[in-house]
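Asker: Sequences listed follow chains A and B, in order. Number 169 in my numbering belongs to position 169 of the first sequence; there are no gaps in the numbering. Number 334 in my numbering belongs to position 334 of the second sequence; there are no gaps in the numbering.
By construction, these hints were calculated from the structure, which means they are not laboratory data. Don't take each hint at face value.
Here are the simulated lysine to aspartate or glutamate pairs, DMTMM-like style, with alpha carbons at most 25 Å apart [to be verified]:
(1) B:Lys54 <-> A:Glu35
(2) B:Lys168 <-> B:Glu156
(3) B:Lys54 <-> A:Asp85
(4) A:Lys219 <-> B:Glu38
(5) B:Lys171 <-> A:Asp215
(6) B:Lys168 <-> B:Asp228
(7) B:Lys168 <-> B:Glu245
(8) A:Lys219 <-> B:Glu45
(9) B:Lys285 <-> B:Glu156
(10) A:Lys2 <-> A:Glu25
(11) B:Lys54 <-> A:Asp215
(12) B:Lys168 <-> B:Glu241
(13) B:Lys54 <-> A:Asp205
(14) B:Lys171 <-> B:Glu156
(15) B:Lys54 <-> A:Asp214
(16) A:Lys219 <-> B:Asp50
(17) B:Lys285 <-> B:Asp252
(18) B:Lys171 <-> B:Glu38
(19) B:Lys171 <-> B:Asp228
(20) A:Lys2 <-> A:Asp42
(21) B:Lys171 <-> B:Glu245
(22) B:Lys285 <-> B:Glu241
(23) A:Lys2 <-> A:Asp85
(24) A:Lys2 <-> A:Asp20
(25) B:Lys168 <-> B:Glu38
(26) B:Lys285 <-> B:Asp203
(27) A:Lys2 <-> A:Asp198
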Amino acid sequence: MKLLAFDTATDACTAALSLDGQVLERFERRSQHSEHLLTMIDALLAEAGLRIQQLDAIAFGRGPGSFTGLRIGAGVAQGLAFACDLPVLPVSSLAALAQGVDAGQVLAALDARMQQVYWGAYTRNAQGLVVPRLSEVVINPEAVTPPEGQGWIGVGSGWDAYGDMLASRSGSALARWLPDIVPQARHLATLAAAAFRDGLAVSADQAQPVYVRDDVAVKRRGPA
Amino acid sequence: MIVLGLETSCDDTGVAVFDTARGLRAHQLYSQSRMHAEYGGVVPELASRDHIRKLLPLVREVLADADIGFRDLQGVAYTTGPGLAGALLVGTAIGRSLAYAWGIPAVGVHHMEGHLLAPMLEPDPPAFPFLALLVSGGHTLLADVQGIGRYQILGESIDDAVGEAFDKTAKLLGLGYPGGPAIAQAAGHGTAGRFRFPRPMTDRPGLDFSFSGLKTAVLTAAQSRVLDAHTIGDIALAFQEAAVETLVIKCDRALQQTGHARLVVAGGVGANQLLRAQLRHLGAKLSVRVHYPRPEFCTDNGAMIAYAGAVRLQAGQFEALRFGARPRWSLTELTTL
Ligand SMILES: Nc1ncnc2c1ncn2[C@@H]1O[C@H](COP(=O)(O)OP(=O)(O)OP(=O)(O)O)[C@@H](O)[C@H]1O
Ligand SMILES: [Mg+2]
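Just chain A, with the same shape it has in the complex (with noise of 0.2 Å):
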């Protein structure tokens, strides 16, 4: 099948073109994703001498992550899924964090600001594939509990900005954590392609953003 990929959760603004298993890639680590990400794609297209209307999906990292990063990611996904009439495949910006690691265990954190992670627990199917052990949460680090089992791999902005407090927390579970570790689109490529094999496309309206974090404004008491 024939694939584009993209995350904009983090700093990094990544994007991929999977064509029946061969990968194309764009990375781009400086300044607004929204300065990089259309011509990234641009140029992944015509390295592949490939028009946008042939592709078969789109696949976006839905977050959690920076809430400007994940409406780039989603706008852009959704304008060109709708111009194209193409599915779309929301992928969890920590799934493809840790789809990335070669470990069968990961602990997937986000820098969430506000002294709080974004935090997931994986291990990995048969196929290869992470599967989420918990269900995403934003958390303050002194807060994580630790996974059952041993081996655990720490990776993300999360542990580089809290890697002491996390790691201590995980305890005996944690093996080791790797620094300075993002989301790639090329694995949120493979995650995307499962999902679309699994019959879990979305249309172009509903690839919206997961922000895990929703308690950002405060009502105000009484009558308006």
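Take the given structure of chain A and dock chain B with the ligands to it, following the hints.
Answerer: Same frame as chain A, but now just chain B with the ligands:
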């Protein structure tokens, strides 16, 4: 040329199709104001979240209303600024991506240019040059308009925008958000003469505005009294009178100073009936023709963006593949046509 226009600069999601040959083909607006009312004002993050849920369904509806297929579209226009960064980004991301995938040009539109050109959608559009009074939630300014992109600001608010003053006064009086229509309605039940508020900066020459003092005067009046329905009506009436008279005095001055024969009034406060009545008088006095958008195009809408975008696309303007927002962007920085 048939252009899809998207507006997401604040708390309204607006979509329209403008056809340079046949005029406005369709438009839709989704207002978030009820959601924000529960928070006592616009919450930027919630605005962004709502835009990205509502925009595509609205695009689908508008294309259906206009009876237009993707292949008929020849350009996409979206608001790039000024406004809320996150909200703007939703419209620019979706709009730029739509245009890219359709293989048609895209153009970013200045929101206030959209407001300023909104009267062009009416049956009797003003010719250039004209004086423009832009009165909205974020802006209060008088501009000398010589053509598209040729805007000289003659005066503007040094503090609050007049729409903001309406909104804050309404909040103070417990009238809810948005405040403009609520104040106008409450003023309808008020009695004239009980309160008199200042007409700020009208006692000295110049075309700048200030509305924070007026707001303070209202606050002082409100604090020392029981806010029963009568008092609320009386204060609302006196406030509206002061705000409107201030705007009219400055318009009078600017018209005399520039000698323009046309006045264009745009922005949400332009929907105010008292302002319209008083400017009608002023127009009659000075033999000046006053142009307004229809009331629904005074506040934010997609039609004005589709129109302004079509004008610029037709002149050959277009965007590169990047799509960032410009939350702060002066009207005087636009390219001229
Ligand atoms: N009938 C009315 N009388 C007075 N003010 C009104 C009326 N209707 C709307 N308004 C005011 O108009 C403003 C909204 O106008 P508009 O949508 O043009 O502004 P905005 O988009 O929030 O700001 P900007 O365009 O400067 O970014 C609000 O402040 C509202 O209270
Ligand atoms: Mg506006």
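Asker: Please go over all the hints and tell whether each is borne out by the structure.
Answerer: A quick look at each hint next to the structure:
Restraint check for Lys54 of chain B and Glu35 of chain A: satisfied, since their Cα atoms lie roughly 24 Å apart, inside the 25 Å limit. Restraint check for Lys168 of chain B and Glu156 of chain B: satisfied, since their Cα atoms lie roughly 19 Å apart, inside the 25 Å limit. For the given pair, Lys54 of chain B sits about 18 Å from Asp85 of chain A by alpha-carbon distance, which is consistent with the 25 Å threshold. At roughly 6 Å between alpha-carbon atoms, Lys219 of chain A and Glu38 of chain B fall within 25 Å of each other, so this suggested pair holds.
Using a Cα cut-off of 25 Å, the hinted pair Lys171 of chain B and Asp215 of chain A holds, with the two alpha carbons roughly 24 Å apart. Proposed proximity of Lys168 of chain B and Asp228 of chain B is supported: the alpha carbons are some 18 Å apart, at most 25 Å. The suggested pairing of Lys168 of chain B with Glu245 of chain B holds, with an alpha-carbon distance near 18 Å, which does not exceed 25 Å. Pair hint Lys219 of chain A plus Glu45 of chain B holds up; C-alpha atoms about 14 Å apart against a cutoff of 25 Å.
Distance hint between Lys285 of chain B and Glu156 of chain B is fulfilled; the C-alpha atoms sit about 24 Å from each other, no more than 25 Å. Only pairs whose Cα atoms come within 25 Å are accepted, and Lys2 of chain A paired with Glu25 of chain A is accepted, the gap being roughly 14 Å. Only pairs whose Cα atoms come within 25 Å are accepted, and Lys54 of chain B paired with Asp215 of chain A is accepted, the gap being roughly 20 Å. At roughly 16 Å between alpha-carbon atoms, Lys168 of chain B and Glu241 of chain B fall within 25 Å of each other, so this suggested pair holds.
Note on Lys54 of chain B and Asp205 of chain A: the hinted pairing holds, with a Cα-Cα distance of about 8 Å set against a maximum of 25 Å. Simply put, Lys171 of chain B and Glu156 of chain B have alpha-carbon atoms about 24 Å apart, close enough for the 25 Å limit, and the pair holds. A C-alpha spacing of about 18 Å is found between Lys54 of chain B and Asp214 of chain A, which places the hinted pair at or below 25 Å, so the restraint holds. Annotation: proposed proximity of Lys219 of chain A to Asp50 of chain B holds, straight-line Cα distance about 16 Å (limit 25 Å).
Restraint check: the Cα-Cα separation between Lys285 of chain B and Asp252 of chain B comes to about 10 Å, which is no more than 25 Å; the hinted pair holds. For the hint linking Lys171 of chain B to Glu38 of chain B, the alpha-carbon distance of about 12 Å falls within 25 Å, and the restraint holds. A C-alpha spacing of about 15 Å is found between Lys171 of chain B and Asp228 of chain B, which places the hinted pair at or below 25 Å, so the restraint holds. A distance of roughly 15 Å separates the Cα atoms of Lys2 of chain A and Asp42 of chain A; the hinted pair therefore holds under the 25 Å criterion.
For the given pair, Lys171 of chain B sits about 22 Å from Glu245 of chain B by alpha-carbon distance, which is consistent with the 25 Å threshold. Using a Cα cut-off of 25 Å, the hinted pair Lys285 of chain B and Glu241 of chain B holds, with the two alpha carbons roughly 19 Å apart. Pair hint Lys2 of chain A plus Asp85 of chain A holds up; C-alpha atoms about 15 Å apart against a cutoff of 25 Å. Restraint check: the Cα-Cα separation between Lys2 of chain A and Asp20 of chain A comes to about 6 Å, which is no more than 25 Å; the hinted pair holds.
With a C-alpha separation of about 15 Å, the suggested pairing of Lys168 of chain B with Glu38 of chain B holds against the 25 Å cut-off. Distance restraint check for Lys285 of chain B and Asp203 of chain B: the Cα-Cα separation of roughly 21 Å lies within the 25 Å cut-off, and the hinted pair is therefore satisfied. Distance check on the hinted pair: Lys2 of chain A and Asp198 of chain A sit about 16 Å apart at the alpha-carbon level, within 25 Å; holds.
In terms of the numbered hints stated before, the structure departs from none.
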